[in-house]
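**Student:** So you can see what is in the structure, the chains are spelled out below.
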Amino acid sequence: DVKVTQSSRYLVKRTGEKVFLECVQDMDHENMFWYRQDPGLGLRLIYFSYDVKMKEKGDIPEGYSVSREKKERFSLILESASTNQTSMYLCASSTTLVGIGRDTQYFGPGTRLTVL
Amino acid sequence: SQQGEEDPQALSIQEGENATMNCSYKTSINNLQWYRQNSGRGLVHLILIRSNEREKHSGRLRVTLDTSKKSSSLLITASRAADTASYFCATDAYNTDKLIFGTGTRLQVFP
Numbered sequence: 001d002v003k004v005t006q007s008s009r010y011l012v013k014r015t016g017e018k019v020f021l022e023c024v025q026d027m028d029h030e031n032m033f034w035y036r037q038d039p040g041l042g043l044r045l046i047y048f049s050y051d052v053k054m055k056e057k058g059d060i061p062e063g064y065s066v067s068r069e070k071k072e073r074f075s076l077i078l079e080s081a082s083t084n085q086t087s088m089y090l091c092a093s094s095t096t097l098v099g100i101g102r103d104t105q106y107f108g109p110g111t112r113l114t115v116l
Numbered sequence: 117s118q119q120g121e122e123d124p125q126a127l128s129i130q131e132g133e134n135a136t137m138n139c140s141y142k143t144s145i146n147n148l149q150w151y152r153q154n155s156g157r158g159l160v161h162l163i164l165i166r167s168n169e170r171e172k173h174s175g176r177l178r179v180t181l182d183t184s185k186k187s188s189s190l191l192i193t194a195s196r197a198a199d200t201a202s203y204f205c206a207t208d209a210y211n212t213d214k215l216i217f218g219t220g221t222r223l224q225v226f227p
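Chains A and B, in that order, give the protein sequences.
Take the first sequence: its position 113, counting from 1, is numbered 113 in our numbering, and each next residue is one higher.
Take the second sequence: its position 3, counting from 1, is numbered 119 in our numbering, and each next residue is one higher.
Bound-form chain A, shown alone:
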């Protein structure tokens, strides 16, 4: 089974702090994604990566950056956390290989971040 893990389930940070959210997948997937989820807004894509050291902006990249130094790990960075970044953050991965499982995204359990 695909396993996607996220470094923390709950995180509380102060405004202005630098925040790192880590995501690791064990299925050798090429693609990795970071979403935030807010009530009434669904899932919004922040950044995604289709290969090591490659990244693409999603719909709401402002205030975030990402890092993908290894294929299995995709980090989301809040350079200077703000209260409007309080949210649930979800990481996902998928494969580009044609066949069963293509197009399906596998999600981690989520990190609920509170910025005070």
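In short, the hints are calculated from the structure, not lab data.
What the simulated footprint calls covered on chain A by chain B, stretch by stretch (three residues with Cβ under 8 Å from a Cβ of chain B suffice, anywhere in the stretch; the number is not a length):
1) 32 to 43
2) 87 to 96
3) 104 to 111
Here are the simulated EDC-like pairs of lysine to aspartate or glutamate, each with C-alpha atoms no more than 20 Å apart in a straight line:
4) A:K53 <-> A:E72
5) A:K53 <-> A:E69
6) A:K71 <-> A:E22
7) B:K142 <-> A:D59
8) B:K214 <-> A:D103
9) B:K214 <-> A:D28
10) B:K185 <-> B:E169
11) A:K71 <-> B:D213
12) A:K55 <-> A:D28
13) B:K214 <-> A:E56
14) B:K186 <-> B:D208
15) A:K53 <-> B:D213
16) B:K214 <-> A:E62
17) A:K55 <-> A:E69
18) A:K55 <-> A:E79
19) A:K55 <-> B:D208
20) A:K57 <-> B:D208
21) B:K172 <-> A:D103
22) B:K214 <-> A:D51
23) A:K57 <-> B:D213
24) A:K70 <-> A:D28
25) B:K214 <-> A:E72
26) A:K13 <-> A:E79
27) A:K70 <-> A:E22
28) B:K214 <-> A:D59
If you want a taste of the chain A side facing chain B, the calculated C-beta under 10 Å gives, among others:
29) V4
30) Q6
31) R9
32) F48
33) Y50
34) E56
35) G58
36) D59
Each residue gets a CB set at the ideal place from its N, CA and C atoms; glycine is no exception.
Got chain A; can you put chain B on it based on the hints?
**Tutor:** Structure of chain B alone, referenced to chain A:
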């Protein structure tokens, strides 16, 4: 940008009843997927239907796709209290590996 819109936003039923959720989308797709999310957890993939398919079954789940109307429905038959969750449709952004999620339907199944 939101591609899928689910309807209804919330649904409450008794155990044993069927639950139907609908999804509408805006642009051409290769496939449409349904995901489930238990409260405070990540999403779990339920079923994928390709644009050349009209109906697909998986256990108690039945998904239909009408590309002419740009809509899909998810039917859960003989619902159980354990089906209580939020359900999201997701469409692929054509020729990319991205998915675009709707805002979800919250399903509550009472024992």
